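Can you make the complete structure from the sequences, with help from the hints?
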Amino acid sequence: AQKVTQAQTEISVVEKEDVTLDCVYETRDTTYYLFWYKQPPSGELVFLIRRNSFDEQNEISGRYSWNFQKSTSSFNFTITASQVVDSAVYFCALSGPDRDDKIIFGKGTRLHILP
Amino acid sequence: DTAVSQTPKYLVTQMGNDKSIKCEQNLGHDTMYWYKQDSKKFLKIMFSYNNKELIINETVPNRFSPKSPDKAHLNLHINSLELGDSAVYFCASSHIETQYFGPGTRLLVL
Numbered sequence: 002a003q004k005v006t007q008a009q010t011e012i013s014v015v016e017k018e019d020v021t022l023d024c025v026y027e028t029r030d031t032t033y034y035l036f037w038y039k040q041p042p043s044g045e046l047v048f049l050i051r052r053n054s055f056d057e058q059n060e061i062s063g064r065y066s067w068n069f070q071k072s073t074s075s076f077n078f079t080i081t082a083s084q085v086v087d088s089a090v091y092f093c094a095l096s097g098p099d100r101d102d103k104i105i106f107g108k109g110t111r112l113h114i115l116p
Numbered sequence: 044d045t046a047v048s049q050t051p052k053y054l055v056t057q058m059g060n061d062k063s064i065k066c067e068q069n070l071g072h073d074t075m076y077w078y079k080q081d082s083k084k085f086l087k088i089m090f091s092y093n094n095k096e097l098i099i100n101e102t103v104p105n106r107f108s109p110k111s112p113d114k115a116h117l118n119l120h121i122n123s124l125e126l127g128d129s130a131v132y133f134c135a136s137s138h139i140e141t142q143y144f145g146p147g148t149r150l151l152v153l
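Chains P and S are the protein sequences, given in the same order. Position in the first sequence counted from 1, then plus 1, gives you the working numbering. Position in the second sequence counted from 1, then plus 43, gives you the working numbering.
Treat the hints as calculated values from the structure; they're not laboratory data. All values derive from a computational prediction rather than experimental measurement. Just so it is clear, CB atoms sit at the ideal spot from N, CA and C, and this is done for glycine as well. Treat the hints with care, since some could be wrong.
Once the Cα atoms are required to be at most 25 Å apart in a straight line, the calculated DSS-like pairs of lysine-lysine come out as [to be verified]:
hint, chain 1, residue 1, chain 2, residue 2
1, P, K103, S, K87
2, S, K52, P, K108
3, S, K83, P, K103
4, P, K71, P, K17
Take a look, some chain P residues computed to stay more than 10 Å from chain S by CB distance [unchecked claim]:
hint, residue
5, Q9
6, D19
7, D23
8, V25
9, Q40
10, E60
11, I61
12, S62
13, Y65
14, S72
15, Q84
16, V90
17, S96
18, G109
Have a look at this one:
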């Protein structure tokens with residue numbers, strides 16, 4: 002069975018601090034995809050990144066970076082120099098390789114960036 | 044231009060009513076989805092269609108019926124609304140693995 006665990010329910014940090022959101026997954030598939038989505042207070046779901054299970058390179062996009070480690074089944078997300086606009090609920094998600102595979106979402110981590 | 048759009052954005056209705064939510068995507072994607080997000084922000088897939096064919100049908104009451112007139116549209120009809128149906132409903136579409144979501148429809152059943 003597939004499972005995504007975001008153990009941090011809620012995190013608060015002061016603006017400009019770095020913050021890491023943890024994501025641990027379980028799957029029996031050898032090929033799978035991992036995702037991060039952002040849900041700001043306005044409610045929409047914004048796609049941030051997709052990572053293929055065969056690509057363990059870390060990714061950096063501006064102040065965002067992702068650390069994918071198959072050995073620990075983790076796909077952590079770090080925001081550097083956080084800003085108030087980063088306040089949101091962040092979801093980690095997992096899907097299998099096939100068209101019929103569902104995306105399984107974690108329960109989300111609510112991130113508060115305090116001014 | 045909005046990639047995935049949903050109407051209405053807000054829906055307030057009485058228990059027992061029937062309502063529909065419409066979804067349209069202009070991304071040329073083959074697959075569309077409906078998700079329900081509860082008050083605790085938990086996101087759960089309800090249905091998935093690929094080229095108008097139902098491919099995922101989770102354990103959802105049969106009061107919920109999706110309809111896909113073409114691959115750019117996936118509507119959700121809900122019969123006999125119940126209090127527990129109050130939630131945010133998201134439509135999404137995908138071409139390969141990445142799903143892009145609509146803005147959500149906030150349904151409140153009184």
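Whether P:I61 stays farther than 10 Å from all C-beta atoms of chain S, as the label says: Its Cβ never comes within 10 Å of chain S, the nearest being 19 Å, so this holds.
Status of P:D23, Cβ more than 10 Å from any chain S Cβ: 17 Å, holds
Closest CB of chain S to the CB of P:S96 still more than 10 Å away: Non-interface label on P:S96 violated, nearest chain S Cβ at 6 Å vs cutoff 10 Å.
Non-interface claim for P:G109, where every Cβ of chain S lies beyond 10 Å: The claim is violated: P:G109 sits with its nearest Cβ about 5 Å from chain S, within 10 Å.
Holds or violated: S:K83 to P:K103, with C-alpha atoms at most 25 Å apart: 20 Å, holds
Pair hint outcome, S:K52 versus P:K108 [Cα-Cα no greater than 25 Å]: 23 Å, holds
Minimum Cβ-Cβ distance from P:E60 to chain S exceeds 10 Å: Answer for P:E60: holds, closest chain S Cβ roughly 14 Å.
Hint consistency between P:K103 and S:K87 [alpha-carbon to alpha-carbon, up to 25 Å]: Roughly 10 Å between the alpha carbons, so the hint for P:K103 and S:K87 holds.
Beyond 10 Å from each Cβ of chain S, as asserted for P:V25: 17 Å, holds
Exclusion check [P:Y65 not at the chain S interface, CB over 10 Å]: 16 Å, holds
Whether P:D19 stays farther than 10 Å from all C-beta atoms of chain S, as the label says: 24 Å, holds
Check on P:V90 being off the interface with chain S, judged by Cβ distance over 10 Å: With a cut-off of 10 Å, P:V90 comes too close to chain S, as the shortest Cβ separation is near 6 Å.
Against the hints set out earlier in the document, violations occur for numbers 4, 9, 16, 17 and 18.
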